[in-house]
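If you're matching them up, the sequences are chains A and B in order.
As numbered in our numbering, residues 1 to 540 make up the first sequence, in order.
As numbered in our numbering, residues 541 to 869 make up the second sequence, in order.
Read the hints as simulated data drawn from the structure, not as lab findings.
Each residue gets a CB set at the ideal place from its N, CA and C atoms; glycine is no exception.
Be aware that a few hints might be false.
What the hints assert, rightly or not - Now the stretches of chain A that chain B is said to cover, found in silico as 3 or more residues with beta-carbon under 8 Å:
| hint | region |
| --- | --- |
| 1 | 109-119 |
| 2 | 193-206 |
| 3 | 413-419 |
| 4 | 444-456 |
| 5 | 512-520 |
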Amino acid sequence: MSLDKLPKPQELSQVDYKPPKTGWMDTPVDFRPGTYSFAAKPKALEIVGMPNPREWQPHDEDWKLPPDWKEIVIEGMRDRLEKFRSFKLFMDICVRCGACADKCHFFIGSGDPKNMPVLRAELLRSVYRQEFTRFGKLLGKLTGSRELNIDVLKEWFYYFYQCTECRRCSVYCPYGIDTAEITMMGRELLNLVGCNIDWIMSPVSNCYRTGNHLGIQPHGMVEMLEFFADDIEDITGIRIEVPFNRKGAEILFVTPSGDYFADPGTYTCMGYLMLFHELGLDYTWSTYASEGGNFGLFTSHEMMKRLNAKIYAEAKRLGVKWILGGECGHMWRVIHQYMDTMNGPADFLEEPVSPITGTKFENAKSTKMVHITEFTADLIRHGKIKLDPSRNDNLVVTFHDSCNPSRAMGLLEEPRYILRHVCNHFVDMPENTIREQTFCCGGGAGLGNDENMEMRMRGGFPRANAVRYVHEKYGVNRLACICAIDRATLPPLMEYWVPEVTVSGVHELVANALVMTGEKERTTNLRGEPLKQTEGEEDV
Amino acid sequence: MGIGFSLTAVILLVLIAMVGAGAARLEVLFGVVFPYLALVVFVVGFIYRVVMWARSPVPFRIPTTCGQQKSLPWIKPSKVENPYTAWGVIVRMALEVLLFRSLFRNTRAEMHNGRLAIGSAKWLWMAGLAFHISFFTIVLRHLRLFTEPIPFFVQWANRLDGLFDLAVPTLYMTDLLFLVSVGYLFLRRVFIPQLRYISLAQDYFPLFLLLGIGISGVLTRQLFKVDLEAVKELALGLTQFHPTVPKGIGLSFYVHLFLVSALVAYFPFSKLMHLAGVFLSPTRNLANNNRMKRHINPWNYPVKVHTYEEYEEEFRDKMKAVGLPVEKE
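Just chain B, with the same shape it has in the complex:
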């Protein structure tokens, strides 16, 4: 159900762009208004979501420890997997965010004749990392359209990414990687029965959207060969708040841009917010120094307890009978 709905939604988005920017000649709407709107929704929504999370306190320090604790001086602690200092936490978080450390642990459990075998399983980690790195590089590369002069790191990203002359115009490695990894992430949702069972519309929709963006991007560049000078004029205009819409940018570009706008606007309402959420995760971003340093719960409130006096009151005779000391005779 979710898969059909999501596919239909993305196809609909493509059609809207084709009709809108094509037949209806609404280039300004699709080239200027929607991108601006999407950006506003993104920034406001993103901040709103993070603020809403941050407003809930972290009452307890609950890191998931994945290594030896810091205890006796002669036992080697695991400084990163079970951090007890701020630096340890920073490194742990960096590994988590940049290299997906936890996912790297992934294993696969299999039953053979009533025996359980647990083996390594790195495909999800690899595809996930490949997708995120290529997506990041592609975004970085796109900065060349928004900047003049183009910063050196953007130039490097372009040069490095196009090192292998796969086609003319240069087909970037990350474009291929992006499509392959997103495709893998989609196919595993379809072919692994458990995963298909749990997948919702909001799992398929971003994947279709990303595929749409990737395909329309590659087509825009490789097949339709839109006028890059004109695209840059539009992009620079947007960044300088003097938007102009040059004539003759191909339709495929507007489809690409509209899908990107859709993704950007959808982002804050979706699971894609894991981008920000991972930084706030209390099982990862806290040091396991619980017994060294007291953690404060802002809403800690007094509770009803059974006091020693009440306890002795009930059991005093029995206590005295076995010679236990009592407070009141």
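The shape of chain A in the complex, shown without the other chains:
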């Protein structure tokens, strides 16, 4: 669904928060076009060996489920209750205080009560209470318990693929109940009977086979990055080398494939290349571990592990000392909170040390993977790169904290420190919408597909609203972020709600400002836009 087919922004922002007259158990799900994602194609499931590959769509009456699907799901639930304390606890201790309700961007943008995190979880809890608690079995509907049936499963599908696992609600929950955890379990259960979406499963199967979500084969990746090297030469007059699959390099660099596939991520990717060249970094790209992101996170813990395994395996094969990771949101959730546990210990690597500044990244001494903004902030702090922030003077920049780096890591100051040094005009959005309280782009966790466009515009509305505020107040015209999904989902979001604002990665702005040894006088930024000539402007 393209943007011009949607209702006008004025219309879409008239949200009705009144709950329906019928109770939530008696309100069946409505697969309205524009608000859900298409089903996975059978081929994708076959490549990774996942159950029940078939042709189907969520709006079909018959979902072609295996005959014993109910038992599979209930057994799957039992298994996960025994494996995850989080799941078991979060099924039991919610008091339904409702503090989470208006924290969800999908609820704010849609008014649908089942998008309140509490009710999203109740969709699963209702079956849990029925199957696993005595009171539930005894008192049934009165206690919010119900049998699992096809309508419940359809409801799960609709609403667990209408949650971006952003964890914003979990910040406000007095018990730290994390809806991402609930949604992950819900999706795992759906996956057991083959109910998954194409925008997740195609990237997953691509990543499994070719090493990256977009299915770019090794020669394609080389050609793309060589193309960037040409562009960089045009802009700076410097020819840079792009090292691939190079054994014995000191550092393996891994970034989401979105960065070298599509604008505006490509400019960020050029930024990495220019920075590494200027530093003379001894590093390599890999065509095998050519994906930082991990759509396995949106599928199951097992799939997350299967896809993530490539990074350590490739680091070992190439014999690097440590790993540097690019700008990506959910990638860093996986790297930071799962990788070492799942695929470690990385005892074949060394504790990361910046070869330029000598800084030991002690916070990464076990996982051995450093975030690029940690790396670059350290460079700037030690004065190791020369910057001319006036080259970004055509921009008034604000920063969108990506959900995962903020709420599953706490990477808040590093990117801001960089932005303040590479551009003269930086302002933050209101405090309730940034840092740990940041709002999702509306298309994370595999929901950034075109058929889901209305829901993305609704879910992204709180973010866009905050951008509009700083746009009107301070003239902000650039939304910087450190996430490849953001770079794909925020541009249409801005086009719809705040068309004056464009989107970029932080390292695009770094590269604009980066004064490279032997460069010619730059007349344009990385996008080919002429540099602003005026001087002596006031800071905002």
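Starting from the known structure of chain A, arrange chain B on it as the hints suggest.
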């Protein structure tokens, strides 16, 4: 539906106590047997629930981080909101349990003419904290009935709580606070449409029960003025396992005691177990030191991966064509 059912259930409990301890003269049942039974159910149930939670492992370290991480030495980390040491976690948990830190963050989102405004919203936090503090103080005060001599902190709690002479006999501040806050928690469930939509019988039932306990307690003390000496004799007898049932304790006391017994027995089966659950919550009780210290998943199992060899096998010719190094020629 849930609201009517829960109210009926609590009224029924009151009636049972009135008939049982009143007309039927079953004081021993209501004064001794039920309290003992409730306590046993509580202790066994509570332990059972916690053990069942604890039996499920924590496979991944998944704290929700609410502040700056510990990274470069010159960036100030948020030691409590994003703890990376055991002490940080302890302080974070203490703030969560004692002051409801997360709820304190609560905001309210409102739409005005297609624009979203997010403002502060502290009422729920305030009422929640007021309820828990007053409930705790009331329980503490009640210890004077179970102890002889009365410990100093119980005496202090009594004296402090009754500092303002609101009525005779002393009307405690926490009694009022308790009733007002529980009343607020109930009313918001009824009047906020979203909240009414999600509320279940098990949300209303404890509230009605608590209101019943509060009201019967205040009535027992202020209006019916039951014989406190006799109540203490009963309470002390219970604690020393020599239960005696003195004559002439008013009926309102038995209603109060029966409702308390009901609450205590219901506790382990209910959402009230959040009392214990909050301590086990993996998004709060773990340090965000993920990249510093490896977390072990006890059930980590090998998975099928696509190896480099398989990858090179498929793409070798294409790789060689663009000059990529290969393992096998």
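Under 8 Å between beta-carbons, do enough residues of the region 444-456 of chain A, three at least, approach chain B for the coverage claim to hold? violated (count 0)
How does the region 109-119 of chain A fare against chain B when you require at least three residues with a CB closer than 8 Å, holds or violated? holds (count 4)
Are at least 3 residues of the region 512-520 of chain A within less than 8 Å of chain B when you compare beta carbons? violated (count 0)
Chain B covers the region 413-419 of chain A, three or more CB atoms within 8 Å, holds or violated: Held - the region 413-419 of chain A has 3 residues with a Cβ nearer than 8 Å to chain B, which meets the minimum of three.
Has the region 193-206 of chain A got at least three residues whose CB is nearer than 8 Å to a CB belonging to chain B? violated (count 0)
Hints 2, 4, 5 from the earlier list are contradicted by this structure; the remaining hints agree with it.
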